[in-house]
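Line by line, the protein sequences are chains A and B.
Using this note's numbering, read the first sequence as starting at 1 and increasing by one per residue.
Using this note's numbering, read the second sequence as starting at 1 and increasing by one per residue.
It should be emphasised that the hints constitute simulated quantities derived from the structure, not laboratory data.
Keep in mind it's a predicted model, so treat the numbers as computed, not measured.
It is possible that part of the hints are untrue.
Stated by the list, open to error - Derived lysine to any residue pairs resembling SDA-like cross-links, with alpha carbons at most 25 Å apart:
#1 B/Lys490 / A/Arg55
#2 B/Lys117 / B/Ala149
#3 B/Lys117 / B/Ala144
#4 B/Lys735 / A/Glu67
#5 B/Lys700 / B/His649
#6 B/Lys731 / A/Arg180
#7 B/Lys490 / A/Arg105
#8 B/Lys490 / A/Asp93
What the hints assert, rightly or not - Pair by pair, the computed Cβ-Cβ distance ranges are:
#9 A/Lys232 / B/Gly650: 32 to 38 Å
#10 B/Lys700 / A/Val106: 50 to 56 Å
#11 A/Gly114 / B/Val521: 47 to 53 Å
#12 A/Pro153 / B/Ser722: 46 to 52 Å
#13 A/Arg235 / B/Ala341: 35 to 41 Å
#14 B/Asn506 / A/Val106: 29 to 35 Å
#15 B/Arg780 / A/Pro223: 25 to 31 Å
#16 B/Trp274 / A/Pro223: 38 to 44 Å
#17 A/Val106 / B/Arg807: 57 to 63 Å
#18 B/Gly497 / A/Pro153: 50 to 56 Å
#19 B/Asp718 / A/Gly144: 50 to 56 Å
#20 A/Pro223 / B/Thr579: 36 to 42 Å
#21 A/Arg235 / B/Arg675: 30 to 36 Å
Positions of the beta carbon are idealized from the N, C-alpha and C atoms, including for glycine.
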Amino acid sequence: MTQLAFQIGDCGGLRLEIAGTRAVLRHSGALWLEAERTMVVADLHFEKGSSYAARFGQMLPPYDTRETLDRLERELAALSPATLVFLGDSFHDGAGEDRLPEDDRVRIAALALGRRLVWAVGNHDEDGPRTLPGDVVDEAQLAGLTFRHEPLPGARPGEVAGHLHPAAKVTSGRATVRRRCFVTDGARLVLPAFGAFTGGLNILDPAFAPLFGGPALAAALGPRRVHAVGWKSLRPD
Amino acid sequence: MLAATALPPRFEQWFAARGWAPRPHQLAMVEKGRQGRDALLIAPTGGGKTLAGFLPSLIELSERAPRNTPAGVHTLYISPLKALAVDIERNLATPIREMGLNIVAESRTGDTGEARKQRQRLRPPDILLTTPEQLALFCAWEGAREYFADLSCVIIDEAHAIWPSKRGDLLSLGLARLQRFAPNMRRVGLSATVDDPDLVRRWLGVNLPDPPPLGEVSRSDGGGSETDLQQAPSGPSGHLPQEGRISHSVDLVLGQGGAQPIVEVLVSGGRVPWAGHTAEHAMAEIYEIIKGARTALVFVNTRFQAEFAFQELWKLNDDGLAIALHHGSLAAEQRRKVEAAMARGEIRAVVCTSTLDMGIDWGDVDLVIQLAAPKGASRMVQRIGRANHRLDEPSRAILAPANRFEFLECRAAADAILGGHLDGEPARIGALDVLAQHIMGCACSEPFAPTELYDEVRAAGPYADLSWEDFETVVDFVSTGGYALRTYDKFRRIVPGQDGLWRARNAQAVLAHRMNVGAIVSPAMINVRIGGGKRPMGGRKVGEAEEGFFEAMTPGDTFVFAGQVWRFNSLVGADAFVTPAPDKDPKMPSWGGSKFPLSTYLAGRVRAMMHDEREWPALPPDVQEWLNYQKVRSIIPDQDEMLLETFPHGKRFHLVCYPFEGRLAHTTLAMLLTRRLDRLGVGPLGFVANDYAVAIWSLKPMDQLDLDELFAQDMLGDDLESWLDESFLMKRAFKACALISGLIERRHPGMEKSGRQVTFSTDLIYDVLRRHQPDHLLLRCARADAATGSLDVARLGDMLARIGGGRIRHAPLDHVSPFAVPIMLEIGRERAPGDAAGEMVLAEAEEDLIAEAMA
Numbered sequence: 001m002t003q004l005a006f007q008i009g010d011c012g013g014l015r016l017e018i019a020g021t022r023a024v025l026r027h028s029g030a031l032w033l034e035a036e037r038t039m040v041v042a043d044l045h046f047e048k049g050s051s052y053a054a055r056f057g058q059m060l061p062p063y064d065t066r067e068t069l070d071r072l073e074r075e076l077a078a079l080s081p082a083t084l085v086f087l088g089d090s091f092h093d094g095a096g097e098d099r100l101p102e103d104d105r106v107r108i109a110a111l112a113l114g115r116r117l118v119w120a121v122g123n124h125d126e127d128g129p130r131t132l133p134g135d136v137v138d139e140a141q142l143a144g145l146t147f148r149h150e151p152l153p154g155a156r157p158g159e160v161a162g163h164l165h166p167a168a169k170v171t172s173g174r175a176t177v178r179r180r181c182f183v184t185d186g187a188r189l190v191l192p193a194f195g196a197f198t199g200g201l202n203i204l205d206p207a208f209a210p211l212f213g214g215p216a217l218a219a220a221l222g223p224r225r226v227h228a229v230g231w232k233s234l235r236p237d
Numbered sequence: 001m002l003a004a005t006a007l008p009p010r011f012e013q014w015f016a017a018r019g020w021a022p023r024p025h026q027l028a029m030v031e032k033g034r035q036g037r038d039a040l041l042i043a044p045t046g047g048g049k050t051l052a053g054f055l056p057s058l059i060e061l062s063e064r065a066p067r068n069t070p071a072g073v074h075t076l077y078i079s080p081l082k083a084l085a086v087d088i089e090r091n092l093a094t095p096i097r098e099m100g101l102n103i104v105a106e107s108r109t110g111d112t113g114e115a116r117k118q119r120q121r122l123r124p125p126d127i128l129l130t131t132p133e134q135l136a137l138f139c140a141w142e143g144a145r146e147y148f149a150d151l152s153c154v155i156i157d158e159a160h161a162i163w164p165s166k167r168g169d170l171l172s173l174g175l176a177r178l179q180r181f182a183p184n185m186r187r188v189g190l191s192a193t194v195d196d197p198d199l200v201r202r203w204l205g206v207n208l209p210d211p212p213p214l215g216e217v218s219r220s221d222g223g224g225s226e227t228d229l230q231q232a233p234s235g236p237s238g239h240l241p242q243e244g245r246i247s248h249s250v251d252l253v254l255g256q257g258g259a260q261p262i263v264e265v266l267v268s269g270g271r272v273p274w275a276g277h278t279a280e281h282a283m284a285e286i287y288e289i290i291k292g293a294r295t296a297l298v299f300v301n302t303r304f305q306a307e308f309a310f311q312e313l314w315k316l317n318d319d320g321l322a323i324a325l326h327h328g329s330l331a332a333e334q335r336r337k338v339e340a341a342m343a344r345g346e347i348r349a350v351v352c353t354s355t356l357d358m359g360i361d362w363g364d365v366d367l368v369i370q371l372a373a374p375k376g377a378s379r380m381v382q383r384i385g386r387a388n389h390r391l392d393e394p395s396r397a398i399l400a401p402a403n404r405f406e407f408l409e410c411r412a413a414a415d416a417i418l419g420g421h422l423d424g425e426p427a428r429i430g431a432l433d434v435l436a437q438h439i440m441g442c443a444c445s446e447p448f449a450p451t452e453l454y455d456e457v458r459a460a461g462p463y464a465d466l467s468w469e470d471f472e473t474v475v476d477f478v479s480t481g482g483y484a485l486r487t488y489d490k491f492r493r494i495v496p497g498q499d500g501l502w503r504a505r506n507a508q509a510v511l512a513h514r515m516n517v518g519a520i521v522s523p524a525m526i527n528v529r530i531g532g533g534k535r536p537m538g539g540r541k542v543g544e545a546e547e548g549f550f551e552a553m554t555p556g557d558t559f560v561f562a563g564q565v566w567r568f569n570s571l572v573g574a575d576a577f578v579t580p581a582p583d584k585d586p587k588m589p590s591w592g593g594s595k596f597p598l599s600t601y602l603a604g605r606v607r608a609m610m611h612d613e614r615e616w617p618a619l620p621p622d623v624q625e626w627l628n629y630q631k632v633r634s635i636i637p638d639q640d641e642m643l644l645e646t647f648p649h650g651k652r653f654h655l656v657c658y659p660f661e662g663r664l665a666h667t668t669l670a671m672l673l674t675r676r677l678d679r680l681g682v683g684p685l686g687f688v689a690n691d692y693a694v695a696i697w698s699l700k701p702m703d704q705l706d707l708d709e710l711f712a713q714d715m716l717g718d719d720l721e722s723w724l725d726e727s728f729l730m731k732r733a734f735k736a737c738a739l740i741s742g743l744i745e746r747r748h749p750g751m752e753k754s755g756r757q758v759t760f761s762t763d764l765i766y767d768v769l770r771r772h773q774p775d776h777l778l779l780r781c782a783r784a785d786a787a788t789g790s791l792d793v794a795r796l797g798d799m800l801a802r803i804g805g806g807r808i809r810h811a812p813l814d815h816v817s818p819f820a821v822p823i824m825l826e827i828g829r830e831r832a833p834g835d836a837a838g839e840m841v842l843a844e845a846e847e848d849l850i851a852e853a854m855a
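Chain A on its own, in the form it takes in the complex (with noise of 0.2 Å):
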């Protein structure tokens, strides 16, 4: 087994290299490579709120894109990125870029200003935006590491993909925390959700299994920091 090297940044990010690749892990959930100005979000599902009123009738409140661009646009000011990569998932289904509210599509149309936007596509978004600026594709390479939307089983050395929502569950003593979290080898990454109303899976459940050889590390989001956490202090749910 590897022991995987990694550091505790300024920013409470954490450093550490993904196949040879420097990378920072964001505590946004934002994956931030910094050789390339290169920035990586994976499912924002936006317009995931109007989607289930829509579909059940169900009136969530329909403020998710807007938070999720607020917390979108904060990374983009601390790190003014050349290059956004979606990883897919970006819309929570093919219609919600219809549904999107003028103020927020004025917004996301603004993110491509002064940089490219790769738009991966994903399993809600199959399509890709139509309408916005930005490149839609499979999947990008770029520094040496491959991005899509849903990891493929098997060793995938320089891997980076999104799809699972991952979730990590602590527990000490007396209480409990549940938070999202990156997770890797060090070979591969698999990047948290970013979305405002997206939940997460407990990185236990046996989706994970099939990628990771041996015990990964967690790098769990907390608000000020990540915060990198072992194998056995995590629980199932």
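Assemble the complex: chain A is given as a structure, and chain B must be docked to it using the hints.
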């Protein structure tokens, strides 16, 4: 007194054959029935209260002319407990059979089979016995209006237990609905003793701005008003209660009081311990007392205390007495078994929580024991009423205090019971999340006109003062979610038609509503099952426990549950697997303190008793000694003062104050004080609150603070708001409101989404809504609930007003005072898992990782 001839001969003969004479209150209820009056009967348990409620209906039904077409439901009986509805069905069968009456009485609860439900819908029984939740479902039926058109009477049992709750709100809205269907319907309430009957009457009765005489309540035909929702009708200002005007329709009937109960406060072995909540010291004596009784009910305040007392009694049980356990976490079958054995008279004692506060008549209970203080005189009266259902013999009760403050409280409760002083309750304001559910239900049943529904809703007591603006807000919430961003206007759940009437959008919306009816929100429960190993199989279910209970446990931990010690093995989905660990000493998990706060009335009595030295000689020697030491080493405050002590202890500085306002208000006070002390740079480190006192400890001394400033009433303004928004209490309150209002759906057994599907957390919704629309209806509801239910803000406000203007007595000490000892012993037992604590958990996990890497 009315003559016995008020009863028809057949009924008179039946009473005589049983060797009974009808009681005055039973005859009075028959008279109210003949007059068509609404009535509230308040009578102690054992006074033939239920029969009094049903007699008018039985007489009316026995006198009706034969009909060729099937009649609708004549009398609807509603009980807060499913088991009680089923029990009454059995009890009613006897008089109906013995008098040869041609009356069908049937129960219908969530447990009733589909076939029977179908049949009841086609051929309604004359008397239908059911629960508030079923009534809410009836209200959402298509054709409810026709089904209940013949209804002539509704009987609400245990009214005192339902009215001050969201279930009570929902029930009162349901009654208002039924009244529209059946304008001549009579309302009958049955209640145990309450301090302020007018509150229950207002809840039970028809409330109208200008109440027309009964029989003239306008009948809605489903068409009617063309009024647009934007246009306000009569408005609430027209019906503010005027001087001397009765704002409800209900007559009061008082049952004859029973014999004065005999209430003793137990001083076991002549001593009362300093601290503790379990009355462990008194167990041997309590066991002896049980031996001397026929059947005893041993009441405790929490499940933890129940488990503890049950274990202790069995350790002493050399005689092998049948001692049983009954609390809300036990599997239902297990509880039913205990109840059945009780009814057969096979049980000598049951250790129980409030699950046995009301309901089914027990066999031969002749003694009620209360372990630890009862927290309120009214609750104690009801508990005592569980013993001895014969009015002419006194009930016997023994109160066993667990510590010295509790001794004072028990003494106060005993005095209050003998003096007939009960705890007052505040009037109830109907919750808006409940109203949202009701409005959706109405739309599922038939189209409604907003102005008519508004008037109907205000006829329900808790909603008498509802403003048109709030009503409109709730209708908009039901329809579109009530968001400032109007994106959902095209997805409305209820839609207005050309005729001005609102109806449910489609069958999907109706179905979703029916699956989510009710105002009971319980924490998610985990099944406790026997099983071990890596892949445990579904073993026998021992009971249920709240979700949070096992989160804090690690495999291998031992705990007490259902009267046994268990080893916790694993948590898989909704099942916790355990194996018996009889030889192990349990690592006792804390199941929280008393969920009932000390009543205002008892708190006042305790303060008076402490202050008045003339009362001291009547107290046990060690309690006297304790008070005397307090007088010498600190201060005994005046009755209208609050004592506040500051002293160093260990390496910390302590502040202990004694407001006697109950645990909830104290916890809120402690939270707010710590924030203020933090701002003052005192460095507060933690706090603990119980029913009597608050203790805060800090890095720096606190004896130089301006105390009047520190306790200034404005802490309930911005400080409270900013704390609330961050608090997990709000998230919990929000979740309940979101479920009741239909914003999110309840999870039903078998419908849980499997495997990969992620659950939608209300915390996410709360966070987003709070940032983007802080004045949203559901946040208002959640704030109101948190302020009353979890924080007791009103009581804290009264307390701050009471001690304002220099009525804080400060005792700067250099040591712990006798009064402070009990709460100082509690320090360190509890810790609030805040944000910082969560970070600590993760930090520890990181150390764990480093250890893992070094291994």
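Here's how the hints hold up against the structure:
no. : hint                            : in the structure
1   : B/Lys490 / A/Arg55              : holds, 12 Å
2   : B/Lys117 / B/Ala149             : holds, 19 Å
3   : B/Lys117 / B/Ala144             : holds, 14 Å
4   : B/Lys735 / A/Glu67              : holds, 20 Å
5   : B/Lys700 / B/His649             : holds, 12 Å
6   : B/Lys731 / A/Arg180             : holds, 19 Å
7   : B/Lys490 / A/Arg105             : holds, 19 Å
8   : B/Lys490 / A/Asp93              : holds, 18 Å
9   : A/Lys232 / B/Gly650: 32 to 38 Å : holds, 35 Å
10  : B/Lys700 / A/Val106: 50 to 56 Å : holds, 53 Å
11  : A/Gly114 / B/Val521: 47 to 53 Å : holds, 49 Å
12  : A/Pro153 / B/Ser722: 46 to 52 Å : holds, 49 Å
13  : A/Arg235 / B/Ala341: 35 to 41 Å : holds, 40 Å
14  : B/Asn506 / A/Val106: 29 to 35 Å : holds, 33 Å
15  : B/Arg780 / A/Pro223: 25 to 31 Å : holds, 27 Å
16  : B/Trp274 / A/Pro223: 38 to 44 Å : holds, 41 Å
17  : A/Val106 / B/Arg807: 57 to 63 Å : holds, 59 Å
18  : B/Gly497 / A/Pro153: 50 to 56 Å : holds, 54 Å
19  : B/Asp718 / A/Gly144: 50 to 56 Å : holds, 53 Å
20  : A/Pro223 / B/Thr579: 36 to 42 Å : holds, 39 Å
21  : A/Arg235 / B/Arg675: 30 to 36 Å : holds, 32 Å
Against the hints set out earlier in the document, no violation occurs for any number.
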